[in-house]
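Letter by letter, the chains look like this.
There are 4 protein chains.
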Amino acid sequence: MTNTPTTYRTGVWLVGARGSVATTAIMGAAGVRDRITPTTGCVTESPDFAAATLPAFGDLVFGGHDIAETSLPKRAEQLAHAGVVPRQLPDLVHTDLTAADAEIRPGTPAIEADRSQRETAAILTEDLRSFRERHDLARVVVINVSSTEPRPEPRDEHAELAALERALDNTTLRGQSVLPPSSLYAYAALQAGCSYVDFTPSLGARLPALDELARKQRLPYAGSDGKTGETLVKSALLPMFASRRLDVLAWSGTNLLGGGDGENLADPTTVTSKTTSKQRAIGESLGYPVDGNVHIDYVPELGEWKTAWDHILFEGFLGARMSLQFTWQGCDSSLAAPLILDLARLLARAHETGHAGPLEKLAFFFKDPLGVDEHRLIPQYEMLRDFAGSLGRTQ
Amino acid sequence: MTNTPTTYRTGVWLVGARGSVATTAIMGAAGVRDRITPTTGCVTESPDFAAATLPAFGDLVFGGHDIAETSLPKRAEQLAHAGVVPRQLPDLVHTDLTAADAEIRPGTPAIEADRSQRETAAILTEDLRSFRERHDLARVVVINVSSTEPRPEPRDEHAELAALERALDNTTLRGQSVLPPSSLYAYAALQAGCSYVDFTPSLGARLPALDELARKQRLPYAGSDGKTGETLVKSALLPMFASRRLDVLAWSGTNLLGGGDGENLADPTTVTSKTTSKQRAIGESLGYPVDGNVHIDYVPELGEWKTAWDHILFEGFLGARMSLQFTWQGCDSSLAAPLILDLARLLARAHETGHAGPLEKLAFFFKDPLGVDEHRLIPQYEMLRDFAGSLGRTQ
Amino acid sequence: MTNTPTTYRTGVWLVGARGSVATTAIMGAAGVRDRITPTTGCVTESPDFAAATLPAFGDLVFGGHDIAETSLPKRAEQLAHAGVVPRQLPDLVHTDLTAADAEIRPGTPAIEADRSQRETAAILTEDLRSFRERHDLARVVVINVSSTEPRPEPRDEHAELAALERALDNTTLRGQSVLPPSSLYAYAALQAGCSYVDFTPSLGARLPALDELARKQRLPYAGSDGKTGETLVKSALLPMFASRRLDVLAWSGTNLLGGGDGENLADPTTVTSKTTSKQRAIGESLGYPVDGNVHIDYVPELGEWKTAWDHILFEGFLGARMSLQFTWQGCDSSLAAPLILDLARLLARAHETGHAGPLEKLAFFFKDPLGVDEHRLIPQYEMLRDFAGSLGRTQ
Amino acid sequence: MTNTPTTYRTGVWLVGARGSVATTAIMGAAGVRDRITPTTGCVTESPDFAAATLPAFGDLVFGGHDIAETSLPKRAEQLAHAGVVPRQLPDLVHTDLTAADAEIRPGTPAIEADRSQRETAAILTEDLRSFRERHDLARVVVINVSSTEPRPEPRDEHAELAALERALDNTTLRGQSVLPPSSLYAYAALQAGCSYVDFTPSLGARLPALDELARKQRLPYAGSDGKTGETLVKSALLPMFASRRLDVLAWSGTNLLGGGDGENLADPTTVTSKTTSKQRAIGESLGYPVDGNVHIDYVPELGEWKTAWDHILFEGFLGARMSLQFTWQGCDSSLAAPLILDLARLLARAHETGHAGPLEKLAFFFKDPLGVDEHRLIPQYEMLRDFAGSLGRTQ
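Protein chains in written order, with the working numbering: chain A, 1 to 395; chain B, 396 to 790; chain C, 791 to 1185; chain D, 1186 to 1580.
No wet-lab data here; the hints were simulated from the structure.
The reader is advised that the hints may include incorrect statements.
[To be verified] Per label pair, the in silico range of CB-to-CB distance:
#1 D:1335 / A:78: 45 to 51 Å
#2 A:288 / C:878: 35 to 41 Å
#3 C:824 / B:493: 47 to 53 Å
#4 D:1335 / C:824: 50 to 56 Å
#5 C:892 / B:431: 34 to 40 Å
#6 C:825 / D:1403: 53 to 59 Å
#7 D:1315 / A:78: 53 to 59 Å
#8 C:943 / A:287: 45 to 51 Å
#9 D:1557 / C:1008: 40 to 46 Å
#10 B:493 / C:825: 34 to 40 Å
#11 A:288 / B:529: 55 to 61 Å
#12 B:549 / A:35: 43 to 49 Å
#13 B:752 / C:871: 47 to 53 Å
#14 D:1277 / A:106: 35 to 41 Å
[To be verified] Residues of chain C placed beyond 12 Å of chain D at every Cβ, according to the derived structure:
#15 841
#16 861
#17 899
#18 942
#19 1172
[What the hints assert, rightly or not] Non-contacting residues of chain C with respect to chain D, defined by C-beta distances greater than 12 Å in every case (computed):
#20 814
#21 848
#22 895
#23 906
#24 943
#25 1090
#26 1148
#27 1160
#28 1169
#29 1175
#30 1179
Positions of the beta carbon are idealized from the N, C-alpha and C atoms, including for glycine.
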């Protein structure tokens, strides 16, 4: 199926642009544009989205921030070697990978090394503005696909924009952090007139001060924490238990993660923020608290793959104890990358049509959706579909 | 929560009244009425159904057909022994079990032994009328929870009521079958002015001639094949793959069934009708045919329990191969019994409010729902909830 | 099958005598003696052990220490209710349960509350002596089936018996701990002339000072940590990978434990001692270190049951990555109780035939076998069988 | 580790020489010889086999029969593409693949098309003799890795060699089958002075007449049905249940097979011979018959991979019901290929050292081992290890 093409190009700026997810998304956009790969996994390619007049895959221009030095073509080779993408694809889209790689700028760790957060923000903002101008882009969507960061302590200056600006002004010394990296990127994106998506469980734009900035700038934002595995299955199964009034007694899960994502999550401080957003859905979906732990283990030998085992103990009529177990064996990049493209297209169009503030209708994509309590996958899908319908040209 | 009580009593006539599912339903209705057991697993006890003015549990009066001779109190003891229902429950509801047991009449195999189907139908109809009168019931719902029967050959006289009546008139000799047992029960139910539900994969009311009879009698009917295990999970998971546009390459399943249900299904001719209705949902949900077999094995030592393992091979963006496996360990009686009570309450109220013909809005309960292609569990739930809303007193 | 009966009776003194495992063992011994229950799960009832002239089940006399106050008959009722033992069994062996319950004495926490460890040990020793005399027992086997205790700090006085005795003499004030409870029980057992088995991962007799005492007293001891679930399966599967030279890359496990055992293990300090003994087998069996975590979660709703999921990632010829997963759903009491009876019989006979010190040949029963590196289940079995053969009368 | 090299070269003649298993074995032998791949999965590379003076990998010379026309280098490419072997390997061992491919002769279906079985046998025998002479081989091992064939009807002339020879003499017309293909290959191998291994469940050398021929020719043979997946795990787990005296109530299995092997096994007549050898081990290992079905499904999308799910229901002490499930996800070629090399080396050395008739000591490799009832994996391993020890030069 085809979308009515927009006449202007859309920037997709990826924080963590040389990671597996970003690399796969960049390759995939080129492959779909050139009709050498199918659109499997791209939600916005469903006929349900045909009327939304989203940007075409060929209209997406990629850039981003990263501190990794492995180039996109090299990273693409590694993904092909690992069986994540077809062997020939890196060669077939080599031009696109090289072009995107040329648009990658150093990320905050590199910048902040000898600058204040105010100065760092200014550099990030300038990176975005210059990207937009250089490519004559109608608009730019910033998407955070970098590693999960530790959840920072709450601070008073997060509560309103004026206080945040003052605090940033005052932190002229390097190393003084008012905002965690994800929020600094969000701040810079919004300052530069770009919409923002947090695909990680990091804080991102989820601060009253940044919400205020987004509304002031008339910019939409979305998040948090892309739903690509265990939680996706959970959001499909939880409503089954709820609608049948089966009583979930305990929901236990173990996630074995390979690759860089696993390594990052093995740090106990970041695990907390990940497991918390995973468990939140259970209580909210069922309306009562449910027992059970979620473990996240780093198993380097799994490479780009992850395996999740969940055990659900439940009770039926007259007290019978029953169980459901599932094992999900997925490839994170393959699951996340098409959603990155979906989100880029949807945010661009939402921005264009004047949406500002959190996009609750995009809950379908997230483990910890902003501003909405709906955790049931299919109602989330229908909400998304209806939202997309409202984005169309003729409305 | 409570429902506005109806002022009159409702008969629930169970074909297969001494089986595990029926016995559990009868015990459960009494237990819920006496507030000694919770309503876990009863869909119609959700607040979503509060306005539907369904008959109260205490208004249900049970009877049925069966050829089994193990009495309900004895069967209840066995279920308590097997851990399906609480140990004390059979004693606590002994009066109810005895009362229902006194309302069980011989089933078709016993009647048809020396009578024509016309004569048999007359006896079944009379059983229902006399049950209704004896207990002064406002109406009676007939629910088939007996064993699955082999799928019969199509016959011309199934196509319209007049032809069916003529064929029944002509089969004066015993042993001559115009209708399979499930359809003969449906015919008798409709003749007696009772609504009919097929909780099994049998043919039941699914014949143009019987549909004509139901509409003529202004009676609703529903079916087929209660969704209590593997297919329930399937109907929750299939829309996940569809909405995410993940490409299901093969869906394979193995069902290990204990108890009488398993034994019956081990007969290859009945297995066919069961596996067919199980696989139908996959193709219809995804819109493309999916490879894979479903096996049903009888494992007597599993007793009242069943275990299903499903393996789903799917493909994501750029061709990555992934899989989801699940193992469901359930107790059929515990899963089915509350649905029987739900269906009895909903059919009674639908009958009362003038619904006639197939109730498509009840697809949520069935593997092979009549007259509807919606196989996604949550949309089915929402359809049911809205339907229940329309049944309320004030509308 | 029958064993040549011994002419004298054998005491089985259980530390944790009112727990699920102990209660099941006591009921089972009586049930087997009376031929009302089969010997399923009793290793020593195999024909391989027929020549070992072990004490008969009917020769076992039970007593023990515990601080729990729920009586054995009451605990037995609860186990029958939970489906762990047949419903009628507690009634059928009521006399035995009552008799054993009368032989339960307060455990160390109650004694140590206002006494020194020296005084406590004297009381424990006296409990054992008086039990042996009261019942005219040929010998007594003390078996620790109490909760896992935190692994204590190493102490110099554990290194030799004289130093230990001096340290105990000096700890006249209450609350001063030279030995953890399991080791204090072992000390008391050995002082009283009783053999000792640690079925838990606790320290027990595993101290040079206690080994010295055992040899001095000519007493055998065995342990540690009964192999009843995940580790049992591991010890069957690890040699498969080793013998086929398949390269195990990561072995990850999650244990969901219900009941008292789970609650105790959820305490992070005790978890450490449990998970350590679980992982030890992997490295020693394969000869190289293997990646992977073991989690132990307390899931109270699982009751007497436990579920373990293990994921093994391995590599074959020319680098192909493969995996094996297993889910074990077991009942700890049912798995452990027959082994308690096996160990009681074997220790009694080993004591009788003059074995002193650690019984390495009993590795088959333990996760963390004393004094032996053989972790392969079947070679362990053959070692046990040969040892049993050497215990026979005629040898 | 290294083996004392033999001074002469050994032929490995593969029936089904262009299949996945054969291609992987040929590549692997070259890779190991050149030290570019490790020996993972090669049993005979364990130190336990160091003294057996087996032929070195570099001494193996490959040839075989096949009717497939895809060349070995092409097939190797496909396996690399599917991730079964490293990407670069086909190029690195291209010379070896080409050399082996040049030694592949048409298989029986091509030969028998217009010849009698006597004539066909003569051609097969001549293929083997000429291969041995052309390469100046000390001896040749013929290994059947072709597709499973339907189990033929028993025939009187299979009972003794003289009768078999007469029957072959009499079947001058084409299409008249005295022997199934696997047995015709075995006959030809033995006639040519080559040892024979059946790695499939086919009849092969398992006929009294062929056993007589093997003994007459002083040749060893081995089989049947390589143990590479579900049955391997079974043979590790069955002794666990047996040694613990846990009562297996039902063992159910489902095998999802991709690739050519799956397609072949989906034919119901061949499935029978496969499932029978799979189930045989259960009864023989436990000593009592066990309930349960084994299904084999062809799932083409699984490609070179297979997935097996087994569910074992068992009973413990005092009747508690428990279960173990496992899921094995393996690559058949990767599992089977190193065993082919092991068998070639062992048969060659057994031949050299004068062994004739069935090699029972090789049961470790087979689902349905010839002439032995030992189905426990580790005792099988120890038997194999001891046998290998007896093959050494100095003995």
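Hints violated by the structure (numbers, ascending): 3, 7, 11, 19, 20, 28, 29
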